[in-house]
Amino acid sequence: MLTSVYVHFPWCLKKCPYCDFNSYGTARQDVPHAAYADAVLRELEFRSETLAERTLVSVFFGGGTPSLWDPEQLGRVLSAVTSAFGTVSPSLEVTVECNPTSLDRARAAALREAGVNRLSVGVQSLDETRLRFLGRLHDAPLALEALRAARAELPRVSADFMFGMPGQKAPDFVSELERVLETGVDHVSAYALTVESGTQFGELHRKGRLPLATDDDYAETFLAARRCLASHGMRHYEVSNHARPGEEARHNLHYWRGGDYLGLGAGAVGCLADPATLGASRWRSESHPAHYLERSGTKAVQAWTEALSPEDRVREALMLGLRTLEGVSLSRVAQQTGVTLTRGREQALARRTARGEVLLDGDVLRVLPEHWLALDAIVTDLF
Amino acid sequence: MTFPVERIRNFSIIAHIDHGKSTLADRILEFTGALSDREKQAQFLDNMELERERGITIKAQSVRLEYRADDGILYELNLIDTPGHVDFNYEVSRSLAACEGALLVVDASQGVEAQTLANVYLALENNLEIIPVFNKIDLPGADIDRVRREVEEVIGLDCSEAIPASAKEGIGMKEILEAVVKRVPPPKTAGADAPLRALLVDSWYDAYRGAMALIRVVDGTIRPGTKIKMLATRAEYEVTELGVFAPFARAIPELGPGEAGFFAAAIRTVRDCKVGDTITELRRQATERLPGFREVKPMVFCGIFPTEPSEYPNLREALEKLQLNDSALTWEPETSEALGFGFRCGFLGMLHMEIVQERLEREYDLDLITTAPSVVYHVYQNDGTMLPVENPSRLPDPVKIDHIEEPFFKVSIHVPSAYVGAVLKLCEERRGSQRAIQYASQDRVIIVYDLPLGEVLFDFFDRLKSATKGYASMDYELAGYQTNPLVRVDMLINGEKVDALSAIVHREKAQYVGRGLADKLRGIVPRQQYEVAIQAAIGGKIIARETVRALRKDVTAKCYGGDISRKRKLLEKQKEGKRRMKAVGSVEIPQEAFHAILKIE
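One line per chain: the protein sequences are U and P, in this order.
Taking numbering that gives the first Met the number 0, the leading residue of the first sequence gets 0, the next gets one more, and so forth.
Taking numbering that gives the first Met the number 0, the leading residue of the second sequence gets 0, the next gets one more, and so forth.
Hints are supplied without guarantee of correctness; some may be wrong.
With a Cα cut of at most 25 angstroms, we get these calculated PhoX-like pairs of lysine-lysine [to be verified]:
1. K508/P / K399/P
2. K540/P / K574/P
3. K557/P / K424/P
4. K496/P / K566/P
5. K577/P / K496/P
6. K206/U / K228/P
7. K168/U / K557/P
8. K14/U / K508/P
9. K557/P / K13/U
10. K468/P / K566/P
11. K468/P / K424/P
12. K572/P / K557/P
13. K508/P / K464/P
14. K598/P / K409/P
15. K14/U / K566/P
These aren't lab readings, by the way, just hints derived from the structure by calculation.
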């Protein structure tokens, strides 16, 4: 069974006001590098017996800011993860999320030596006003420098961008993308700013004090980004992701294909299929680092679990698969869940097909990219 | 041998909602030992879940109690419960007709409310002995003198022997029961051997026994095996079971003059048990009916449609089941171009309608779209025929109409004098004509208006409450039909007429309603993938247009491993929300839209 591993690193130098991930602002010197690695290894050990039969296809270090982690400790975790699996894919992808404030050439080299082969850099914007609005600690030159440093040491580098900030028009975003492409990155993620409750932005929004881009600006920017990146040879292979062919994030594609994944670290989520029921079980470990450090390696670290029915998994397959250019493979869904996806969805499929939004092409169900801006409505219709 | 009539007392309790009727009934049951502590269940007489939640009684019940009074004699008391809402006015009057006395329960901190008053008048019409009880005297705001003055002035009832009580604290129970025994007269009767005459007070459906009838015997005696005839329906049955609630159902060998109880007689539906009917013996028929019988007719109509067409058979089955126990509910199949197959249902009033809708959704787990309520218009056509129209979309072509009549209500509103202006303004806006303004006391006013029922349906009560900070109470009764210049306003969505959104309104208000409706719908119809045009039209002429702009961005930005469950649940919730919408053409319209007309400012 092909399996991915996600390792969460829960600290940042500063919590960004829009961020609803499990992260805690902390001073550089206060990160418990070795203790946290030990805790992750304990959790890995606790889960290890299920891994011998599995094939590892990707490892993703997310956060938080995992580039803050001492590369030696990160490497220790990575080598333990690879040796825990029975088989490791020859094309194993190992990605680390980085912030420009904790990524220089030496750090990139150290990560490469630790076994990392892909970096994803949180640029977010190359406009100083927007960087300030987003509460970022870096400026545009530092971001570009971090990307160049990454490119110098590693073959595969992605730049993370955000759009939908107040006053941001499509041409503004396109010129930011043009500048970032000069660094030679082969993958760009472009996320629409999403206001989540429980964040500073969420609170401001609730009080009506958060300016945002209009829907029209959002939509125009989304489309302009696709055009711009396509003209540079990048394919819009998922709602928020663009890559040169072959440079897609394999780890994320694995999620979108409904693959099994193991989560390690504070607040990490894992989800493994149950071949007996064709359902799956998903769990999340203790989010707070202190609790995680204390409970890791025991069952008590599991803070939340969810049993997924085959139908739940089918809905997830639709929600995730239809985000991608490659679409949902009906035979894969049937194999994963025992469910014939089209059954009971005939009317909705016919309706959406007639409108030219959905295409059922042999085994593959896709939402055509020109309708991705209406994806949630289409997906819920098919739910 | 039947129980001696002179030791029977039949009484009911008249009270405004929240003034403590149910609690008082419970205390009386406890005090007489009818309900042991173990059996105690708060508010015993309200046995339906919905009734308890809303604090209102829909179905009447009666309870037989035994009480040994201070004079040493054992009395049989029948407490006959009354439905507690104006929609059930006629049923209340029949319950009261089964009694010789009534406890008038007035909240000592609140005073008399319109609904109480309406029922007091019903009781007085039925010549009941009324015993005022001032409840909740334990509350700090209780002012017995003020309430006494008010009852005396408003109702003209002598309150020198009113009983101060607190049902919650159990204060005054003995005094109440002694007053019932001393002041309520025993039933009048032609005797236990006279030809049977019994008043049908209420009925309900029992899955095993068929329709059950609650009766009050006036003359003669009824026993299991008695062959009976109902004088209004002319139907004949044989009594298979006879019983009383004491308070739990118990079989008895006979019911004599003055007594209340229930029987089963293999009656198929509750519609065969017409409230107010007279039951007599088949062999020895009484010639004279008991007075006051009336056919109950639905006043308010609405369309009920399943959101999923495949649910239609389930909806039909649910309506059939509800109707088993609700003789006032009527329905017939209806087809709407916009909403598909459904039913046109008739109700006694707004509350009845809400209760039925809620039960369909709650007890039968149906997702429904209901249209705005309508009244029955009498449409006189040029050929001289009268067509009753209870569905605006069925209004004939205007060129064929000579004139239209609409039903009116006589509405009595009780309100503190400070709010008279606000109430008058509201009634005038609703095309009312004033009948009377009476000062019930120095600071309480009774305002009587004739109002078109169609206007009363449209959010009148909520407006009244907000205009008077909740102090107004209201009672209404039908007051005939009047001719008025009425027209139909149609709504178009993306150029398509949505029949279920049509409304019949006064010509002078039509522009205003059309514009208001278009504006409201703009706020209610969610933004969708495509632009939606909303138009209002009168007789093909567009009078208003609003646009719901297309939703250009409806996509989740991020969806990775840690967040899949939450995102899936969000989308599932959206799906659930859409389940409550009806697709008209390619436009999703939420249930709320069909009631938008009720909310026009």
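message: To test your reading of the hints: which numbers does this structure violate?
response: 2, 3, 4, 6, 8 and 10
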